[in-house]
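K.L.:
The lines below spell out each chain.
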Amino acid sequence: MSSARRFDPILLLALPAALYLGIVYGLPLLFLLGRSLFGAGGLSSFVGFFADPFSWTVLANTVRSAVLVTLICLIIGYPTALVLARAGGFAQAAILVAIILPLSVGVVVKAFAWQIVLRRDGVVSQIMTGLGLWSEPQRLLFTETGLVIGAANIFVPFMILPIYAVLKLVDPRLGEAAATLGASPVYRFFKVALPLSLPGIVTGVAFVFSMAASMYVIPSLVIGDRFQTLATLTGRSFLFMRNEQLGSTTAVVLLALTVSVVIASAWLSRRLGGAQ
Amino acid sequence: MTVPFLDITGAGKSFGSATVLDGVDLSVGKAEFISLLGPSGCGKTTLLRIVAGLMRPDTGTVVLDGDEITRKPPHRRDVGVVFQNYALFPHLTVAENVAFGLKARNAPKDTIASTVSRFLSLVQMGAYADRSIKALSGGQQQRVAVARALAVGPKLLLLDEPFSALDRKLREAMQIDLRRILRDVGTTAIFVTHDQDEALTMSDRIAVMYRGRIEQLGTPAEIYHRPATPFALDFVGLSSRLPGTVTAESAGVISVETGAGAIRVPGNFIPGSPVVLGIRPERITVGTEGENRVEATLCDIVFQGARVQLHFASPDGGRLLVETHEAPAGIAPGATLPLSWKFADTLIYPAGAEAEAA
Numbered sequence: 005m006s007s008a009r010r011f012d013p014i015l016l017l018a019l020p021a022a023l024y025l026g027i028v029y030g031l032p033l034l035f036l037l038g039r040s041l042f043g044a045g046g047l048s049s050f051v052g053f054f055a056d057p058f059s060w061t062v063l064a065n066t067v068r069s070a071v072l073v074t075l076i077c078l079i080i081g082y083p084t085a086l087v088l089a090r091a092g093g094f095a096q097a098a099i100l101v102a103i104i105l106p107l108s109v110g111v112v113v114k115a116f117a118w119q120i121v122l123r124r125d126g127v128v129s130q131i132m133t134g135l136g137l138w139s140e141p142q143r144l145l146f147t148e149t150g151l152v153i154g155a156a157n158i159f160v161p162f163m164i165l166p167i168y169a170v171l172k173l174v175d176p177r178l179g180e181a182a183a184t185l186g187a188s189p190v191y192r193f194f195k196v197a198l199p200l201s202l203p204g205i206v207t208g209v210a211f212v213f214s215m216a217a218s219m220y221v222i223p224s225l226v227i228g229d230r231f232q233t234l235a236t237l238t239g240r241s242f243l244f245m246r247n248e249q250l251g252s253t254t255a256v257v258l259l260a261l262t263v264s265v266v267i268a269s270a271w272l273s274r275r276l277g278g279a280q
Numbered sequence: 023m024t025v026p027f028l029d030i031t032g033a034g035k036s037f038g039s040a041t042v043l044d045g046v047d048l049s050v051g052k053a054e055f056i057s058l059l060g061p062s063g064c065g066k067t068t069l070l071r072i073v074a075g076l077m078r079p080d081t082g083t084v085v086l087d088g089d090e091i092t093r094k095p096p097h098r099r100d101v102g103v104v105f106q107n108y109a110l111f112p113h114l115t116v117a118e119n120v121a122f123g124l125k126a127r128n129a130p131k132d133t134i135a136s137t138v139s140r141f142l143s144l145v146q147m148g149a150y151a152d153r154s155i156k157a158l159s160g161g162q163q164q165r166v167a168v169a170r171a172l173a174v175g176p177k178l179l180l181l182d183e184p185f186s187a188l189d190r191k192l193r194e195a196m197q198i199d200l201r202r203i204l205r206d207v208g209t210t211a212i213f214v215t216h217d218q219d220e221a222l223t224m225s226d227r228i229a230v231m232y233r234g235r236i237e238q239l240g241t242p243a244e245i246y247h248r249p250a251t252p253f254a255l256d257f258v259g260l261s262s263r264l265p266g267t268v269t270a271e272s273a274g275v276i277s278v279e280t281g282a283g284a285i286r287v288p289g290n291f292i293p294g295s296p297v298v299l300g301i302r303p304e305r306i307t308v309g310t311e312g313e314n315r316v317e318a319t320l321c322d323i324v325f326q327g328a329r330v331q332l333h334f335a336s337p338d339g340g341r342l343l344v345e346t347h348e349a350p351a352g353i354a355p356g357a358t359l360p361l362s363w364k365f366a367d368t369l370i371y372p373a374g375a376e377a378e379a380a
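These protein sequence lines map, in sequence, to chains D and U.
Numbered by this note's numbering, the letters in the first sequence go through residues 5 to 280 in order.
Numbered by this note's numbering, the letters in the second sequence go through residues 23 to 380 in order.
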């Protein structure tokens, strides 16, 4: 047991990252926490925040849009990851490039591109009315639906890649073994592929949820001020309202929300991974 | 064998320009244990995957128990597979692995429980039912894989080199165990292996495969004592080979002139044909009892425990291998000794076939 206590020189390799994160991320975060807890209002600023019904609307907006974005990413991302894991050679490389390349196009560029797709005479509206699903053209731009569609577009690679990474390590013979035991393709998916890829799903959900809950640029560009989330409210408090107390409070609430999701998913991932 | 239980006709498969399986026919009787024996790349695993439904043949048909299953998906075939790496489900316990197929077939709960415990005790893994797969040794995983495949009561069990990851002692114990289990259950089985000892030990019949074809199909004794082709002779067991030319033929007996001398062989060959003779090492004795006699120089004595191998060089430089229980007293490398074997123990092949197989 004493050897486990001894210092492992390999740990020194973590030093650059620890220093960097400590200075660039940890310290400012501590200041922020300190300001929200021990600033002018102290804890009363949290009491005030949660007493205001508008705060609950903002909180609900944040959680609802983040959950919807995560769901859409999961529904689109999982089958893609499955195809990617099964594909070989050139096809796999092509799909990977198709997934990663759009990340290099800035969010701002994409947001303006969506305006073409999401406006009243846009592509989506034309398709939906053409199919008879909508009785008249509708505008998706400046709506929460538009926001969720757009955000899912940005974040879907962060769902696909972790699931793909896990699926790729699943032995294809497991599916074949299940088939020879009499399991139909659907049964195989739910009893073999899905449980074995849960750690990847949990990681992808943690990624996408925390990014979607804290997105600032996308809602600002796609909807504007009418739709407030914790992240946009934080931005407004600091930038326009000069209300640092409110900004720190909303920032801490957002942080608590995303950190708890990340910790919960890390725990889940460890548990599910441990079951393998 | 009356009506074959499994009937493969003209099975062919190519990947690009490479023909992996070249029109294979194979019939297997009920409760028979057949080995597909051959070097890697001979098409044995491809044939197995075609029977399991994990791969579609380009040509040919597979009929199992009167049912044409060539295009049936694997989950509707009733063909169990024990994979080389076992392919046990890592997220399930030992018992859950064995229960998997039964649950997939919607078996009633109490049937599942009793079947699982019956098959786990059959493979002597009853005490491990609630263990994680990761906590098992290779041999234990192998047993679970066999129990899992048998628990659903497949019509046919396919085994893809299931012992290749086990050490020698365990492998030999498992071979005998598996044979006993399959006999108890009465399952028809096809066993893929590149290990001739494994095939000889376990099989009712062996199909020696080479370059996408079955070179010879027969009982282990037939394969060993009467290999049909030079490849079968080479791949199964050891042998001495003597190239020569047929000099005379009369009433099913031919004379062959070799570098070691004139040899008489049963067979029908036109005088003048180039041939290759093969003799199994345990058929040759030091001395002059047999009808065929040559003189050769002893090069090496290799002690192998139960057996001793004597390596000889014949005058023309060819090599002769003799296997016996005990080296004759007083012989040492460098001595020239008479060797002999029975006329009937001489195997003969046209030299062309040899060139093709080499």
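Source of the hints: derived by calculation from the structure; they are not laboratory data.
Errors might be hidden in some of the hints.
Said to hold, decoys possible - These stretches of chain D come out as covered by chain U in the derived footprint (C-beta under 8 Å, 3 or more residues):
#, region
1, 175 to 188
2, 195 to 201
As the list claims (entries may be wrong) - Pairs of lysine to aspartate or glutamate residues, derived as EDC-like cross-links and limited to a Cα-Cα distance of at most 20 Å, are as follows:
#, chain 1, residue 1, chain 2, residue 2
3, U, K156, D, D175
4, U, K52, U, D87
5, U, K364, U, D217
6, D, K114, D, E140
7, U, K94, U, D29
8, U, K94, D, E180
9, U, K125, D, E180
10, U, K177, D, D175
11, D, K195, U, D152
12, D, K195, U, D29
In this text, all values refer to a predicted model and were calculated from it rather than measured experimentally.
Each residue gets a CB set at the ideal place from its N, CA and C atoms; glycine is no exception.
K.L.:
State for each hint whether it applies.
P.N.:
Hint-by-hint comparison with the structure:
Only residues whose C-beta sits within less than 8 Å of a C-beta in chain U count toward coverage, and the region 175 to 188 of chain D has 12 of them, enough to reach three; the restraint holds. For the region 195 to 201 of chain D, the proposed coverage by chain U is satisfied: 4 residues have a C-beta within less than 8 Å of a C-beta in that chain, meeting the threshold of three. Simply put, K156 (chain U) and D175 (chain D) have alpha-carbon atoms about 15 Å apart, close enough for the 20 Å limit, and the pair holds. Of the supplied pair hints, the one linking K52 (chain U) and D87 (chain U) holds, its CA atoms being roughly 9 Å apart against a limit of 20 Å.
This hinted pair does not check out: K364 (chain U) and D217 (chain U) have alpha carbons roughly 29 Å apart, beyond 20 Å. At roughly 26 Å between alpha-carbon atoms, K114 (chain D) and E140 (chain D) are farther apart than 20 Å, so this suggested pair is violated. For the proposed pair K94 (chain U) and D29 (chain U), the alpha carbon gap of about 15 Å is at most 20 Å, so the pair holds. For the given pair, K94 (chain U) sits about 14 Å from E180 (chain D) by alpha-carbon distance, which is consistent with the 20 Å threshold.
With a CA separation close to 16 Å, the supplied pair K125 (chain U) and E180 (chain D) stays within the 20 Å bound. Proximity of K177 (chain U) to D175 (chain D) is assessed by CA-CA distance (about 26 Å); at most 20 Å being required, the pair is judged violated. Under the criterion of a C-alpha separation no larger than 20 Å, the hint pairing K195 (chain D) with D152 (chain U) is consistent with the structure, at around 18 Å. Between K195 (chain D) and D29 (chain U) the alpha-carbon distance is near 33 Å, which puts this suggested pair outside the 20 Å criterion.
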